[in-house]
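Chains D and V supply the protein sequences, listed in that same order.
Numbering-wise (the numbering used here), the first sequence opens with residue 6 and increments by one.
Numbering-wise (the numbering used here), the second sequence opens with residue -19 and increments by one.
Derived from the structure by calculation, the hints contain no laboratory data.
Treat the hints loosely; a few may be bogus.
As the list claims (entries may be wrong) - For each label pair, taking beta carbons as the anchor points, the in silico distance ranges come out as: (1) V:Val224 x D:Asp126: 43 to 53 Å; (2) V:Ala50 x D:Arg61: 45 to 55 Å; (3) D:Asp126 x V:Ala232: 30 to 40 Å; (4) D:Ala10 x V:Leu161: 32 to 42 Å; (5) V:Ser(-14) x D:Gln135: 20 to 30 Å; (6) D:Ala113 x V:Ala232: 32 to 42 Å; (7) V:Ile93 x D:Ala10: 51 to 61 Å; (8) D:Asp126 x V:Met89: 51 to 61 Å; (9) D:Glu180 x V:Leu153: 33 to 43 Å; (10) D:Arg131 x V:Thr(-9): 47 to 57 Å; (11) D:Glu197 x V:Ala232: 41 to 51 Å.
Said to hold, decoys possible - Here are the simulated DSSO-like pairs of lysine-lysine, each with C-alpha atoms no more than 27 Å apart in a straight line: (12) D:Lys284 x D:Lys317; (13) D:Lys132 x D:Lys169; (14) D:Lys132 x D:Lys103; (15) D:Lys284 x D:Lys327; (16) V:Lys154 x D:Lys132; (17) D:Lys109 x V:Lys154; (18) D:Lys103 x D:Lys124; (19) D:Lys103 x V:Lys154; (20) D:Lys109 x D:Lys132.
Computed from a prediction, not measured in an experiment: that's the story for all the values here.
Glycine is no exception: its CB is placed at the ideal position from the N, C-alpha and C atoms.
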Amino acid sequence: MRFEAVSKRFGNFVAVELLSLDIFEREFFALLGPSGCGKTTLLRMLAGLEQPTEGRILLDGLDISGVPPHRRPVNMMFQSYALFPHLTVEANIAFGLKQDGMPKPEIATRVREMLELVKLDGFGERKPHQLSGGQRQRVALARALAKRPRVLLLDEPMSALDRKLREDTRFELMELQNTLGLTFVIVTHDQEEAMTVADRIGVMNAGQLAQVATPSEIYEHPNSRWIADFIGDINLIEGRVASSGLGHTVIESMTGGRFLVAAEATVGAAVAVALRPEKLRIDTVASGASGENGFPGRVTEIGYLGGVSVYKVRLDNGLDMKATLTNHTRLTAQPIAIGERVRLSFAPEAGVVLLR
Amino acid sequence: MRKGPSIFNVTLVALGLAFLYLPIAILVIYSFNASRLVTIWGGWSTRWYVALWHDSAMLDAAWTSLRIAALSATAACVIGTLAAVVLVRAGRFRGRTMFSGMVYAPLVMPEVITGLSLLLLFVALDVGRGFWTVTIAHTTVTMSFVTVVVQSRLLSFDCSLEEAAMDLGCPPLKTFLTITLPLIFPAVAAGWMLAFTLSFDDLVIASFSTGPGATTLPMRIYSEVRLGVKPEINAICTIMIAVVALGVIAAALVGKRREWVGRT
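Model the full assembly from the supplied sequences, consistent with the hints where possible.
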């Protein structure tokens, strides 16, 4: 599936601007972005519910831009589930099959298969309002899958579920995609969700794709300050390249101090270095630790999250940094206290140099 | 917190209800009056209902009214629903504001003016006035009521239901018939009931647009009353009240059930 320079405008508002993207067969692709970035519009254009203002959308090399939704081999699961309230669960799932003129016995078999697939056997006779939120979500999924579409579109499929259910559903979705061998395109604003389920993620911002890559690539090699900031927690240090060569770069921080990162860059360029909090090392000054890329500072806040603790450190040069430590042992007291003098350090490989 | 309503509140409610229903109650009671004189109580009797049964002119008028009401309500439902769908769904086409304003206009237009304009139209077109002209006139007036009722239902209608149907391979017209229409049916039915009652009790517009041979029940009653109130009139009015009340109760019950089912 391919988007070619697709734009969508609503009056003066540009929802999607000159966007090009390839989605491969049997891929689990996630469109991630803040609300209003155009990700749902993109999905609706795939479904045919919106027409692109400019550009082409190709499926197997055929332009489907003008094809109405009911003639596309693409099915969508709606955020509100959009179950037909006046029809039973069975009739909801059978709805799409009936439109294709499938013979009745086959429809019945398929509906039974789908109910089994989403673990709702025995619920066929119920009406949507007699189901819980999670069950409704499964019916919506079964209905969208019943026609065996080439591509399944999922619009924020788990936004109405509670946390526990959401986590289970993620893995079920991945399993489904594996067993059915379909292309899934999911729209979400939940990065954890996108990272878990997707093979590749397209991060959208203001109608454009900011980065398209695998989850680990996006996390470890963000291509801009915006991506680094949007995905996960980040410490950004603004600076200037002092010298570079042989795979190493010395960066002069704007706020004072020099440090080394494992990358090459043009000398004199204004850059930002992105450091994930879990890649920072935190030692008490008293421990006497030394080594490269060390900055002295003072702990200002500690957030205990159970598995990890987040330390907020005000460096002596005025920067606020975040570092996380895994709580390996059962602690009765934190090893580092608020107000304590600490030394933050990181390996040269931990920093990512961002030009944009 | 006080448990029950105060005497003051009870009195107000009682006064309000009396103001609304006392005239009707009197009419119903006098319809069972044995005396020929309308204002003098002569004991309980159902003789006026029996007399009504033999009053063929009155029965004819009632039959005409029922047919006109049913036909015009049905036509008003079809046109009114279509108008509502267009006004809600067609987006911002040129003149949308003007059209929605024009749909509401008959609601506030004095009936005399509507009636007169229809009469002028029928005369200009040289149509023989009678049953069909009244039906058309009533359709014209009542369709805007249907539009208003259906429009409000459509505004709260989740468009993704229609999108889902189309996404599953259902063409637009079939989507409207299999998904949208069943779901807005309570509103359409309520619109039908409203149109039916409006047509059934209309006197002014019917008087303007009718011709010889098509006398509606309100017209018949009005002309009889001008010669003095007969007890049969009380009887037929009581029957009308009963029919309307049953209709309203039925519509309310259906609406309530549907609404519950429709909630997801």
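Verification of the hints:
1. V:Val224 x D:Asp126: 43 to 53 Å: For aspartate 126 of chain D against valine 224 of chain V, whose Cβ atoms are near 49 Å apart, the range 43 to 53 Å holds.
2. V:Ala50 x D:Arg61: 45 to 55 Å: Since the Cβ atoms of alanine 50 of chain V and arginine 61 of chain D sit about 54 Å apart, the hinted range of 45 to 55 Å holds.
3. D:Asp126 x V:Ala232: 30 to 40 Å: holds (39 Å)
4. D:Ala10 x V:Leu161: 32 to 42 Å: holds (40 Å)
5. V:Ser(-14) x D:Gln135: 20 to 30 Å: Hint violated: Cβ distance 43 Å, outside 20 to 30 Å.
6. D:Ala113 x V:Ala232: 32 to 42 Å: holds (38 Å)
7. V:Ile93 x D:Ala10: 51 to 61 Å: holds (58 Å)
8. D:Asp126 x V:Met89: 51 to 61 Å: Given a distance of about 59 Å, which is inside 51 to 61 Å, the answer is holds.
9. D:Glu180 x V:Leu153: 33 to 43 Å: Hint holds: Cβ distance 39 Å, inside 33 to 43 Å.
10. D:Arg131 x V:Thr(-9): 47 to 57 Å: Given range 47 to 57 Å: holds, Cβ gap about 50 Å.
11. D:Glu197 x V:Ala232: 41 to 51 Å: Given a distance of about 49 Å, which is inside 41 to 51 Å, the answer is holds.
12. D:Lys284 x D:Lys317: holds (14 Å)
13. D:Lys132 x D:Lys169: Cα-Cα ~25 Å, so holds.
14. D:Lys132 x D:Lys103: Holds: lysine 132 of chain D and lysine 103 of chain D sit about 18 Å apart, inside 27 Å.
15. D:Lys284 x D:Lys327: holds (10 Å)
16. V:Lys154 x D:Lys132: holds (22 Å)
17. D:Lys109 x V:Lys154: Within the cut-off at roughly 19 Å; holds.
18. D:Lys103 x D:Lys124: Roughly 22 Å separates the two Cα atoms, so the pair holds.
19. D:Lys103 x V:Lys154: Holds: lysine 103 of chain D and lysine 154 of chain V sit about 12 Å apart, inside 27 Å.
20. D:Lys109 x D:Lys132: Judged against 27 Å, a Cα distance of about 21 Å means the pair holds.
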